[in-house]
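Can you build the whole structure from these sequences, using the hints too?
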Amino acid sequence: MKDSKPPLSFEQVVHIIDDDEAVLDSLSMLLDSVDIKNAIYPNAQSFLTAHEGNSIQQLSGCIVLDIRMPGMSGMECQQRLEALKCPLPIIFITGHGDVPMAVEAMKKGAIEFIQKPFREQELLDCIHHALTLNKTAQKRASHSLDVAQRCESLTARENEVMERVVAGLLNKTIANELNLSQRTIEIHRANMMEKMRVKSLAELMTLLLTKE
Amino acid sequence: MFNHHINHTRLPIIYLVDHQRKGRSALTELLAPLGAQIENFPSAKRFLQHDINAQAACLLLEAHLEDKKASGIALLEQMADREIYIPTIILASSSDIPTAVRAMRANAIDFIEKPYVEHMLVRQVKSLLSQTRSTQLHTPTF
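Going down the list, the protein sequences come from chains A and B. Those letters in the first sequence? Residues -19 to 192, per our numbering, in order. Those letters in the second sequence? Residues 79 to 220, per our numbering, in order.
Listed below are the simulated DSSO-like cross-link pairs for lysine-lysine, each with C-alpha atoms no more than 30 Å apart in a straight line:
no., chain 1, residue 1, chain 2, residue 2
1, A, Lys87, B, Lys192
2, A, Lys96, B, Lys192
3, B, Lys147, A, Lys88
4, A, Lys88, B, Lys192
Quick list of the computed label-pair ranges, beta carbon to beta carbon:
no., chain 1, residue 1, chain 2, residue 2, range
5, B, Val200, A, Val14, 45 to 53 Å
6, B, Arg88, A, Gln162, 44 to 52 Å
7, A, Ala30, B, Lys146, 42 to 50 Å
Honestly, the hints are just simulated from the structure, not real lab data. It should be emphasised that the depicted structure is a prediction, and the values quoted were computed from it without experimental measurement. All residues carry an ideal CB built from backbone N, CA and C; glycine is no exception.
Written out as structure tokens, the structure reads:
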């Protein structure tokens, strides 16, 4: 039987982590009102526990994170998430932040640092921005993965040929370098192009350049 | 035959942009021992009119030029629009979270509230200078 459900990871969810129950409720209602899926957590630890293991890397959406919480602080949580390679953009919200704290959070890759009280629209704009960033990053990641998989399907020989083709060498030169006949190089080259699913050298170059 | 206009010494460049002369001269004095070429500008306009060297090691930029709120950050955003990326440290005579966040989003590498701690700033600029030197060593000259 076929599994008709789309992979869960493509559904974007806004994860809200705050120790203030009133904030959780009001943000959750706000997001519900504009049909954005959301999940709430009373502290950082409960978010980490809920997504233990590798699943944290498969998440899609963004995180709204309070800075000051009992137990693990928002900044500590950001560090943990970075170590776990969590791909979700982080928006910090804080009632007691200062400039050095904001700078530190931004240096570590937070995309926004908002002071409470904030206007609802301000937060919604940030969330939309974060979700867009996340989607773009996912597309890029899946493209890189796709290219990497094509590269991996090459034999060692085809790989050697590809490196030299990309470096601009002619078949004749490659044949000399690898001590093979020109005809053999032509065959390796054709196989390589087919496995990389490209029709021209230009296409191959573009593909490899967009790998990262 | 040979182009004699090439800068053979290739001292790394530090740009300072601050409307306050006292601020610029204090920084110049502080950073002089690092052996870079320090260039001063009193305003964003003067800086943009200058033929900006995109290979400069760093830019030290006042957040509120001519006391106009966040005008220094606006300069940084204009540079990003023109695709000029120079490692920039914002020095802020006054600061608030939204300005700091805006600066960091405009690719500033740091946002420091004045008065800055001298030895920490020197250390930061020093590390930027050594990064420039090592990339220059590996950059082929055409």
